[in-house]
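Enquirer: Sequence:
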Amino acid sequence: MDQKTIADMLGVSQATVSLALSGDSRVNAITREKIVKIAKEMGYVPNASARALVRKCTETIGVVVLGLSKDNMRSELFFSDAILAIALELGKHGYNILLKVEELIGQDKFLTGLAREKRVDGLIILTLAPFHKDFIWGLEKMDFPFVLVNRHLGKHPVNCIVLDDFGASFQAVEYLFALGHRKIVYLAGDEKCSALADRISGFRAAVRHFNLEQTLNRVIPFLNGDKKNLINYIKQYGPPTGVIAYNDVRALQAKRILADFNLYPPKDYSLIGFDNRLSILAQEVSLTTFDYSLEEMGQKAANLLLDVMNGKVKERKKIVVTPRFLERGSCGRSPQLIIDPGSS
6 MDQKTIADML GVSQATVSLA LSGDSRVNAI TREKIVKIAK EMGYVPNASA
56 RALVRKCTET IGVVVLGLSK DNMRSELFFS DAILAIALEL GKHGYNILLK
106 VEELIGQDKF LTGLAREKRV DGLIILTLAP FHKDFIWGLE KMDFPFVLVN
156 RHLGKHPVNC IVLDDFGASF QAVEYLFALG HRKIVYLAGD EKCSALADRI
206 SGFRAAVRHF NLEQTLNRVI PFLNGDKKNL INYIKQYGPP TGVIAYNDVR
256 ALQAKRILAD FNLYPPKDYS LIGFDNRLSI LAQEVSLTTF DYSLEEMGQK
306 AANLLLDVMN GKVKERKKIV VTPRFLERGS CGRSPQLIID PGSS
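Okay, so the sequence shown: first residue is 6 according to my numbering, each after it adds one.
Please keep in mind that the hints were generated in silico from the structure rather than gathered at the bench.
Computed from a predicted model, the values in this text were never measured in an experiment.
Heads up, some of the hints might be wrong.
Stated by the list, open to error - Simulated pairs of lysine-lysine, DSSO-like, Cα-Cα distance not exceeding 27 Å:
#, residue 1, residue 2
1, Lys-319, Lys-97
2, Lys-197, Lys-323
3, Lys-323, Lys-105
4, Lys-123, Lys-105
5, Lys-272, Lys-305
6, Lys-272, Lys-123
7, Lys-138, Lys-105
8, Lys-272, Lys-323
9, Lys-138, Lys-123
10, Lys-138, Lys-272
11, Lys-319, Lys-138
12, Lys-146, Lys-305
13, Lys-138, Lys-9
14, Lys-9, Lys-160
15, Lys-97, Lys-114
16, Lys-97, Lys-323
What the hints assert, rightly or not - FRET-style restraints, in silico, Cβ to Cβ:
#, residue 1, residue 2, range
17, Lys-39, Ile-324, 38 to 46 Å
18, Gly-118, Lys-233, 36 to 44 Å
19, Asp-29, Ala-210, 52 to 60 Å
20, Lys-240, Glu-320, 49 to 57 Å
21, Asn-315, Gln-19, 24 to 32 Å
22, His-214, Gln-241, 23 to 31 Å
The beta-carbon is built from N, C-alpha and C at its ideal position, and this holds for glycine as well.
Turn these sequences into a full structure, and let the hints steer you where they fit.
Expert: As structure tokens, this is what we get:
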């Protein structure tokens with residue numbers, strides 16, 4: 006069954022059938038109703054390419070995972086739940102996805118190429134790597150619909166789905182402060198990454214809010230687990246009683262470094278990570294951390310992009326997802342507050 010067969014049956018042109026099946030109001034309502042009825046009765050299924058041509062769209066959304074490198078070969082695995090949620094949500098609305106996993110370098114041209122050649126109707130961009138607004142300037146200049154996941158561009162408005170990274174870091178300090186900790190360090194990643202920059206800002210804001218001594222309660226660069234800065238802090242100020250790391254992997258690396266000083270959580274210090282992406286066996290300790298749903302972020306990204314494409318979003322929209330604090334066994338009262346009964 007094709008459009009020509011329907012046209013011959015009803016004595017109309019194939020062009021009229023095509024217009025009627027696409028809902029075009031130029032076809033008389035009675036004729037349109039007859040065509041649609043016959044098409045349903047005969048089990049007509051429109052060709053996807055033809056339908057897309059009529060609607061002037063591809064019915065495809067580009068889902069691009071950026072930041073793949075020899076140092077970060079697992080970014081597509083990290084985002085797998087989000088990608089699946091995006092595909093399922095877009096599928097409900099008749100869209101397929103074109104998945105691309107790419108390096109960050111040179112991808113400004115790659116992204117604008119996808120848009121300019123009209124290979125996709127919109128883009129959802131997921132990345133673990135930092136990038137500047139100039140990176141997507143071409144898309145904005147073309148007014149091409151896109152949504153960022155896990156990144157924002159600061160004061161430059163953009164449609165995005167992000168975590169409340171600032172609030173999470175603030176909450177971590179607040180939690181340790183309530184346990185009596187007054188010597189808390191934050192092991193920081195790349196500040197050029199908006200999520201990690203927000204976590205640093207949240208930590209510093211909490212240090213000021215609770216009037217903690219800023220020399221002892223400080224941000225320590227810990228990019229890729231480089232241990233020298235943490236060791237230098239310990240040698241200069243002694244060990245911290247609270248350690249917050251920018252993700253769970255770095256938290257466990259910090260644990261191993263502190264073990265070299267015969268220090269272990271929660272007896273000697275408290276340890277907090279972020280992501281909840283490690284299996285229980287890999288944790289070595291029941292790690293207190295923050296959890297969040299990448300599936301939820303993916304679903305929200307798909308719906309936001311659809312709203313943008315349908316003209317429902319008049320101004321750039323930033324959707325913030327609140328991570329969930331998981332209190333486990335790596336935190337305890339500050340050792341400075343624990344008095345040995347045998348010492349009195």
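Enquirer: Taking 27 Å as the top limit, are the C-alpha atoms of Lys-319 and Lys-138 close enough?
Expert: Status holds; Cα separation ~20 Å.
Enquirer: Is it true that the C-beta distance of Asn-315 to Gln-19 lies inside 24 to 32 Å, as the hint says?
Expert: 29 Å, holds
Enquirer: Are Lys-146 and Lys-305 close enough, with their CA atoms no more than 27 Å apart?
Expert: Measuring from Cα to Cα gives roughly 24 Å; hence the hint holds.
Enquirer: Lys-97 and Lys-114 were given as a pair; does the straight-line alpha-carbon distance stay at or below 27 Å?
Expert: Roughly 30 Å separates the two Cα atoms, so the pair is violated.
Enquirer: Against the 27 Å threshold, does the CA-CA distance of Lys-272 and Lys-323 hold or violate the hint?
Expert: 41 Å, violated
Enquirer: Decide if the proposed pair is consistent with the structure: Lys-97 and Lys-323, CA atoms, cutoff 27 Å inclusive.
Expert: This hinted pair holds, its Cα atoms lying about 23 Å apart.
Enquirer: Between Gly-118 and Lys-233, does the beta-carbon spacing fit 36 to 44 Å?
Expert: With a Cβ separation near 42 Å, Gly-118 and Lys-233 satisfy 36 to 44 Å, so the hint holds.
Enquirer: Is it true that the C-beta distance of His-214 to Gln-241 lies inside 23 to 31 Å, as the hint says?
Expert: 25 Å, holds
Enquirer: Verify the proposed pairing of Lys-9 with Lys-160, using a straight-line Cα cut of 27 Å.
Expert: The given pair, whose Cα atoms are some 55 Å apart, is violated under the 27 Å limit.
Enquirer: With a cut-off of 27 Å on the C-alpha distance, tell me whether Lys-123 and Lys-105 pass.
Expert: The given pair, whose Cα atoms are some 16 Å apart, holds under the 27 Å limit.
Enquirer: Would you say the C-beta atoms of Lys-39 and Ile-324 sit inside 38 to 46 Å of each other?
Expert: 45 Å, holds
Enquirer: Measure nothing beyond the straight line between the CA atoms of Lys-138 and Lys-272; if it is 27 Å or shorter, mark the hint as holding.
Expert: 45 Å, violated
Hints 5, 6, 8, 10, 13, 14 and 15 from the earlier list are contradicted by this structure; the remaining hints agree with it.
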